[in-house]
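With these hints in hand, go ahead and build the complete structure from the sequences.
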Amino acid sequence: MQASRHGRSRHAISEFTAGCAAFALVFGLAGAAGVSGAQAADVIVGLVTKTEVNPFFVKMRQAAEAEAKAKGLTLIARAGKFDGDNEGQVAAIEDLISAGAKGILVTPNNSSGMLGVIKKARDAGVLVIALDTATDPADAVDATFATDNFQAGVQQGAYAKAALGDKTPVIAMLDGTPGGTVDTFRHDGFLKGFGIAEGDPAIAGAAITNGAQDKGQIGMENLLSKNGDINVVYTINEPAAAGGYQALKSFGKEKDVILTSIDGGCAGVRNVQAGVIAATVMQFPYKMASMGVDAVAEYAASGKKPSGFVNTGSYLITDKPMPGLESKDSAWGLENCWGD
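Numbering (the numbering used here), first residue to last: 2 to 341.
Keep in mind that the hints were calculated from the coordinates and are not lab data. These numbers were taken from a predicted model, which means no experiment stands behind them. Be a bit skeptical, because a hint or two may be false.
No farther apart than 30 Å at their CA atoms in a straight line, the calculated lysine-lysine pairs in the DSSO-like style are these [claimed, not checked]: (1) 103 with 82; (2) 227 with 254; (3) 193 with 254; (4) 70 with 121; (5) 103 with 305; (6) 193 with 250; (7) 162 with 193; (8) 82 with 70; (9) 329 with 162; (10) 168 with 193; (11) 121 with 306; (12) 70 with 306; (13) 256 with 321; (14) 227 with 250; (15) 256 with 193; (16) 168 with 227; (17) 216 with 168; (18) 305 with 120; (19) 321 with 193; (20) 306 with 120; (21) 168 with 250; (22) 193 with 216; (23) 254 with 162; (24) 168 with 254; (25) 305 with 121; (26) 168 with 329; (27) 120 with 82; (28) 227 with 256; (29) 168 with 256; (30) 216 with 82.
Derived DEER-like restraints, expressed as beta-carbon distance ranges [what the hints assert, rightly or not]: (31) 198 with 326: 14 to 24 Å; (32) 125 with 324: 50 to 60 Å; (33) 139 with 77: 19 to 29 Å; (34) 341 with 82: 13 to 23 Å; (35) 322 with 252: 26 to 36 Å; (36) 140 with 40: 28 to 38 Å.
Glycine included, each C-beta is placed from N, C-alpha and C at the ideal position.
Pasting the structure below:
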């Protein structure tokens, strides 16, 4: 696999370095106090993602494995069976507490559904960091390393609005999984960027996709069956966007609709290049995971903990830039993307 396909190009490295530099100002990079040798090998880092199959979480796991290996730490990775499997994630954290994990990195399927087990972990002296998805309340964990998902939604919505021009909007919302802050923040951010509020008559309808391609296709087909005038589609992520596009194509609408998304996976960026997706907002899962492992190493070495929200950044990716909106093209996106 080429380095550019995994976000490790010169541009991606500068992105990662900049993020880590900002992180260092907060509380210092891992390893400063020196966890080494047998002592480091005894430090267990737990990673609990929403699923094992979504390319975003695959890349997150790969980055965590690489960083743990570089630090000499032991990584135990677990995942929910599907997007929304709160019980599976709770069980995984219980197991990690029993295994003696020093720190746990988690992407919560349900932002309020894991509060009890997270408190149990923190009461046991385990550092808990949310990656990608904030808990509700946010201070249920020690810190959150994630994309500013509301701002990413704003970027998506502002682009869709600009690309639509003077046409009357008829919007379909392909949402993710109810109960997660990512779903709420991106949805609300899109509406903010587009300049409308929840309940606006411009919204033709919404469908729950759980961020999956098959459900994106089914949801889009149902919405098109009810309203064939849809001309803007918001999607929670690129798999849902790919499914939405297949539905649009089956209805002969693929050239009449502005389809936007968030992720920045290589498959999604190639879809931007091919004109399937008009624009996507790239985020950096490898940065979230690497910084999370570094934080656990620092905690093991010195007892220092991170706190608050650390924004790992995002970029609008499109080959049809709009005046007044900062963006990168798909060539840049392919140098900095993640996944296959």
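Consistency of the hints with the structure:
Taking the CA atoms of residue 103 and residue 82, the gap is about 24 Å. The hint holds against a cut of 30 Å. The hinted pair formed by residue 227 and residue 254 meets the criterion: a straight-line CA distance of about 14 Å does not exceed 30 Å. Restraint check for residue 193 and residue 254: the C-alpha separation of about 26 Å stays at or below 30 Å, so the hint holds. As the CA atoms of residue 70 and residue 121 are separated by approximately 27 Å, the hinted pair is consistent with the 30 Å bound.
A distance of roughly 12 Å separates the Cα atoms of residue 103 and residue 305; the hinted pair therefore holds under the 30 Å criterion. Only pairs whose Cα atoms come within 30 Å are accepted, and residue 193 paired with residue 250 is accepted, the gap being roughly 28 Å. In summary, the hint linking residue 162 to residue 193 is supported, as the alpha carbons are separated by about 11 Å, within the 30 Å threshold. Annotation: proposed proximity of residue 82 to residue 70 holds, straight-line Cα distance about 26 Å (limit 30 Å).
For the given pair, residue 329 sits about 18 Å from residue 162 by alpha-carbon distance, which is consistent with the 30 Å threshold. For a cut-off of 30 Å, the pair hint linking residue 168 to residue 193 stands: about 18 Å separates their Cα positions. Distance check on the hinted pair: residue 121 and residue 306 sit about 17 Å apart at the alpha-carbon level, within 30 Å; holds. Taking the CA atoms of residue 70 and residue 306, the gap is about 21 Å. The hint holds against a cut of 30 Å.
For the proposed pair residue 256 and residue 321, the alpha carbon gap of about 14 Å is at most 30 Å, so the pair holds. The suggested pairing of residue 227 with residue 250 holds, with an alpha-carbon distance near 16 Å, which does not exceed 30 Å. In summary, the hint linking residue 256 to residue 193 is supported, as the alpha carbons are separated by about 25 Å, within the 30 Å threshold. Among the hinted pairs, residue 168 with residue 227 is consistent with the structure: their alpha-carbon atoms are about 20 Å apart, no more than 30 Å.
For the hint linking residue 216 to residue 168, the alpha-carbon distance of about 28 Å falls within 30 Å, and the restraint holds. Taken as a hint, the residue 305 and residue 120 pair is honoured in the structure, with Cα atoms around 19 Å apart against an allowance of 30 Å. At roughly 21 Å between alpha-carbon atoms, residue 321 and residue 193 fall within 30 Å of each other, so this suggested pair holds. At most 30 Å may separate the alpha-carbon atoms for a hinted pair to count; residue 306 and residue 120 meet this at roughly 16 Å.
As the CA atoms of residue 168 and residue 250 are separated by approximately 21 Å, the hinted pair is consistent with the 30 Å bound. With a C-alpha separation of about 25 Å, the suggested pair residue 193 and residue 216 falls inside the 30 Å cut-off, and the hint holds. A C-alpha spacing of about 18 Å is found between residue 254 and residue 162, which places the hinted pair at or below 30 Å, so the restraint holds. Taking the CA atoms of residue 168 and residue 254, the gap is about 16 Å. The hint holds against a cut of 30 Å.
Between residue 305 and residue 121 the CA atoms are separated by roughly 20 Å; this keeps the pair inside 30 Å, and the hint holds. Proximity of residue 168 to residue 329 is assessed by CA-CA distance (about 25 Å); at most 30 Å being required, the pair is judged to hold. For the hint linking residue 120 to residue 82, the alpha-carbon distance of about 23 Å falls within 30 Å, and the restraint holds. A hinted pair counts as satisfied when its Cα atoms are at most 30 Å apart, and residue 227 with residue 256 qualifies at roughly 19 Å.
Between the alpha carbons of residue 168 and residue 256 the distance comes to roughly 15 Å, so the proposed pair stays at or under 30 Å and holds. For the proposed pair residue 216 and residue 82, the alpha carbon gap of about 16 Å is at most 30 Å, so the pair holds. Between residue 198 and residue 326 the Cβ separation comes to about 21 Å, which falls inside the hinted range of 14 to 24 Å. Our hint of 50 to 60 Å for residue 125 and residue 324 holds, since their Cβ atoms are close to 54 Å apart.
Here the CB-CB span from residue 139 to residue 77 is close to 25 Å, well matched to the stated 19 to 29 Å. Against the hinted window of 13 to 23 Å, the Cβ-Cβ separation of residue 341 and residue 82 comes to about 22 Å, which satisfies the hint. Distance hint for residue 322 and residue 252: a CB-CB separation of about 28 Å, consistent with the stated range 26 to 36 Å. Checked against the hint of 28 to 38 Å, the C-beta distance between residue 140 and residue 40 comes to roughly 30 Å, which is consistent with it.
Violated hints: none; the structure is consistent with every hint.
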